[in-house]
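Asker: The primary structure of each chain is shown beneath.
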Amino acid sequence: MSIRQISVFVENKKGSLVEITDTLAKENIDLRAMSIADTQDFGILRLIVSDTDKALSVLRSKNCIVTETAVVGVRLRNEPGALATVVKVLSEGDINVEYMYAFNGSTPHHAYLVLRVNDNDKVSELLLKEGIKCITQQQVSEI
Amino acid sequence: MAEKYWQKEIETASREEIKAIQDERLVKTVKHVFQNVEPYRKRMEEAGLTPDDIRGVEDLHKLPFTVKQDLRDYYPYGLFAVPTKDVVRLHASSGTTGKQIVVGYTRNDLDVWDDIAARQLCAVGADENDFVHVSYGYGLFTGGFGLHGGATKLGATAIPVSSGNTDRQVTILQDFGSTVLCCTPSYAMYIGETLKKKGVDPKSLSLKAGIFGAEPWTEEMRQQIQELLDIKAYDVYGLTEIMGPCVSYECSQQAGMHVNEDHFIIETINPDTGEVIPNGEVGELVFTCITKECCPFIRYRTRDIGVVNTEPCACGRTFVRMSKPMGRSDDMMIIRGVNVFPSQIETVLLKMGYSPNYKIYVDRVNNTDTLDVHVEMNEDMFSDTVSDIKKNEEKLEAELRSLLGISANVKLVAPNSIERSMGKAVRVEDKRKLLGGKK
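The listed protein sequences derive, respectively, from chains A and B. Each residue of the first sequence is one higher than the one before, counting from 1 in our numbering. Each residue of the second sequence is one higher than the one before, counting from 1 in our numbering.
Incorrect hints may appear among the rest.
Each computed DSS-like pair below joins lysine-lysine, with the alpha-carbon atoms no more than 25 Å apart [as the list claims (entries may be wrong)]:
1) B:K411 x A:K62
2) B:K19 x B:K8
3) B:K197 x A:K62
4) B:K351 x A:K14
5) B:K411 x A:K14
6) A:K14 x B:K8
7) B:K197 x B:K411
In short, the hints are calculated from the structure, not lab data. Only a predicted model underlies this, so the values are computations on that prediction, with no experimental measurement involved.
Please take these sequences and the hints and turn them into a complete structure.
Answerer: Following this line, the structure appears as structure tokens:
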């Protein structure tokens, strides 16, 4: 089970991020989650959005460099130890995590985790065995 | 397929015969300009030379150079060696920098030009059965008339399409059965892309070869054109000051351009000192016209950087070959003592799948030259992980290091962030010069 993530190339200079966020705002695209990976020269803006296809097409029309990646979205109870459980499952399952980031949902009961791993289905299964659910793309819009 | 020649006897003559022809013609030409061109006479006198001092090719280095500025200084007819009643054609070059230059041709000059263009056409396998589609511009520019004259002399069918109106180019390629296409390499690419867009299969055309020149292009572009048009793509070299296209021409081997040595003597010089350097070493190419009547320029400095190859060629021609110009001596950068041309960097970028939009920054930090190359990111090279992008950057840096012989730092920048130019692109910013350092 996986959800769609958009990555956008951001040059390290004034105004490049504004251009991207402005474009999305004008098109009424809601950001569900985001993170930035940065290096000395450039950054990668990773987004989970309400309307992935529309976001891809408007960003491309603005000459942004984008790519789409399937990632795992995990729903956690918003309580101490929830992340620890997930990390333990991944570690025991010998899963290598490329990167991850977390965000809160609209209700205080749940938090969400985005995982970039090699085998999304395997990770979903491993988590489910521990009673941890992954979300579908459809559920992204309900967060 | 057997190699075709237009003038086999001279094209495959022994080196001794070629040398004898050059000696005789050089002596005659030097007398001609001394007698008929005031500025040449003055310069020779200033150098303490009379025509008698030039007995053969080995004396050529004694003569002063001719440079483009001379053509501007004596514009329009000050360097013509014949009265204008004998001039039957003029061509001009706008020159992207500065005043235009003009050259004249006598009837014999045109005859020689037609011959060398016919040699080029034969060298790519053409004969009287071929349809030569000339998409170089016709006009003051030499491209159109040059190949046109060669095709006519060869007895092939010349199609003077001239440049532009790409839809019509495609229609003519289809309807007239063009077999040889002559144009600039960038226009060949454009025609190829237009075919693709229109859904025309290049295999459905009769086209088999292309003769491309008048602007710099790379081996990678040759591969792309060959695939897009399903032809063999050949390189041709020339410049208005010397004749126009076909001063040197590529043969079936696609391995350098044979210089028409019975009409032009090629030398390689150190662009800084003007000293002649041995064949096989990189330097500025210099040509001396030895059969022209109207504009027989002596030791004309082309500003093109290249190498002369004297190895025998499998095609049977004995004329030396020159490499594709690697750049202009004006463009050459010396970084950590190594000669670097923007075109080399472009070659690597195209090969690795990057766009040819790049900018080179040269600087000096702690007394060491630095070379930074900014390249526009594209979707093929992009990834959601930093490590993948770094890997791509490193691959590019490794490839640049292996071609240039020095290391370069690559920086991937946003698409369209490198400014596009309408004419000649400004590829290099050398900050060392801004600091008042030596050039």
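Asker: Below or equal to 25 Å on CA atoms is what counts here, so check K197 (chain B) against K62 (chain A).
Answerer: holds, 23 Å
Asker: For a C-alpha distance cap of 25 Å, please report whether K411 (chain B) and K14 (chain A) respect it.
Answerer: Distance of about 17 Å is within 25 Å: holds.
Asker: Please work out if K197 (chain B) and K411 (chain B) have their alpha carbons no farther apart than 25 Å.
Answerer: This hinted pair is violated, its Cα atoms lying about 33 Å apart.
Asker: Are the Cα positions of K411 (chain B) and K62 (chain A) separated by 25 Å at most?
Answerer: holds, 21 Å
Asker: Does K8 (chain B) sit within 25 Å of K14 (chain A), going by the straight-line distance between their CA atoms?
Answerer: violated, 65 Å
Asker: Measure nothing beyond the straight line between the CA atoms of K351 (chain B) and K14 (chain A); if it is 25 Å or shorter, mark the hint as holding.
Answerer: violated, 32 Å
Asker: Please verify whether K19 (chain B) and K8 (chain B) have alpha carbons no more than 25 Å apart.
Answerer: holds, 17 Å
Of the numbered hints listed earlier, those contradicted by the structure are 4, 6 and 7.
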